[in-house]
Amino acid sequence: MSSSGWSHKPRRSRSCRSRTNREPVDFHRQNIERIQRHFEKELSRSERELRWAEENLDDGSVASRRYIANLRSKVKYDYNQLMQEKVHEVEKCLSEIYEEERELAEQKLREQEIENERFHRQTVNQIIRERDAMCEEKLARQQSLYNKLLNEQAIRLQAQQRLQTFESLNVSQMKDRLTRVEQSNYLLRRSVYDLIDHQQPVYKSTVYIPRFGV
Numbered sequence: 001m002s003s004s005g006w007s008h009k010p011r012r013s014r015s016c017r018s019r020t021n022r023e024p025v026d027f028h029r030q031n032i033e034r035i036q037r038h039f040e041k042e043l044s045r046s047e048r049e050l051r052w053a054e055e056n057l058d059d060g061s062v063a064s065r066r067y068i069a070n071l072r073s074k075v076k077y078d079y080n081q082l083m084q085e086k087v088h089e090v091e092k093c094l095s096e097i098y099e100e101e102r103e104l105a106e107q108k109l110r111e112q113e114i115e116n117e118r119f120h121r122q123t124v125n126q127i128i129r130e131r132d133a134m135c136e137e138k139l140a141r142q143q144s145l146y147n148k149l150l151n152e153q154a155i156r157l158q159a160q161q162r163l164q165t166f167e168s169l170n171v172s173q174m175k176d177r178l179t180r181v182e183q184s185n186y187l188l189r190r191s192v193y194d195l196i197d198h199q200q201p202v203y204k205s206t207v208y209i210p211r212f213g214v
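Residue numbers (full-length UniProt numbering): 1 to 214.
Hint data in this document are derived by calculation from the structure and do not stem from the laboratory. Hints may contain errors.
[What the hints assert, rightly or not] Result set (DSSO-like, lysine-lysine): computed pairs, CA atoms no more than 27 Å apart in a straight line:
#1 K86 to K108
#2 K41 to K74
#3 K148 to K138
#4 K92 to K148
#5 K92 to K108
#6 K41 to K86
#7 K74 to K86
#8 K76 to K86
#9 K92 to K41
[What the hints assert, rightly or not] The following label-pair restraints were derived from C-beta to C-beta distances:
#10 A69 to Q107: 53 to 59 Å
#11 Q183 to N151: 46 to 52 Å
#12 H120 to L145: 43 to 49 Å
The beta carbon of each residue, even a glycine, is placed where N, CA and C say it ideally should be.
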């Protein structure tokens with residue numbers, strides 16, 4: 001009888017996947033053949049005993065007929081045992097094949113899920129990297145614009161400070177000039193009043209009235 005099957009193992013690595021298609025089959029075939037040889041020997045021995053009894057002991061007596069009937073029953077029993085064992089081994093092999101195929105299918109499903117998860121993570125990471133790159137680029141543009149605005153603001157502040165300083169200097173200079181003019185006017189009026197009060201003609205030719213530029 002030729003049959004194929006798988007021996008039940010918890011898990012296998014990828015390196016031994018190529019051997020799993022042959023080793024379990026050989027193991028089950030050897031196991032089945034060993035059991036078959038055992039029952040075939042028993043059946044063959046019973047058949048030989050039956051043929052010998054039929055040829056040498058069948059003298060028509062009750063004892064011989066009973067003995068031969070017992071041998072025939074034993075042959076039938078051994079044959080049934082052989083067939084039953086074959087059926088049992090076939091069912092066992094089919095069950096192990098089913099379990100192994102189910103395990104392999106589950107393993108492939110887990111591997112596929114792991115692969116899908118890995119691909120999903122790679123896709124998500126790629127999207128995150130692209131978004132990070134876009135955000136960094138946008139941030140760099142905003143930082144450049146912000147620095148430009150700061151520089152322009154600093155330039156305006158410096159210009160305003162220089163203008164305020166210049167205006168302060170102009171006001172101070174104008175105040176100094178106005179003060180000098182007022183002092184000169186005061187001195188001039190005082191000199192004129194003195195001339196009028198004293199009526200000294202000699203001062204008429206010596207009065208110096210300065211010209212002030214305002």
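Results of checking the hints against the structure:
1. K86 to K108: Between K86 and K108 the Cα gap is close to 32 Å, so the pair fails against 27 Å, i.e. violated.
2. K41 to K74: 13 Å, holds
3. K148 to K138: Holds: K148 and K138 sit about 15 Å apart, inside 27 Å.
4. K92 to K148: Measuring from Cα to Cα gives roughly 82 Å; hence the hint is violated.
5. K92 to K108: 24 Å, holds
6. K41 to K86: 14 Å, holds
7. K74 to K86: Holds: K74 and K86 sit about 18 Å apart, inside 27 Å.
8. K76 to K86: 15 Å, holds
9. K92 to K41: 22 Å, holds
10. A69 to Q107: 53 to 59 Å: At roughly 56 Å between Cβ atoms, Q107 and A69 fall inside 53 to 59 Å, so the hint holds.
11. Q183 to N151: 46 to 52 Å: Hint holds: Cβ distance 48 Å, inside 46 to 52 Å.
12. H120 to L145: 43 to 49 Å: 37 Å, violated
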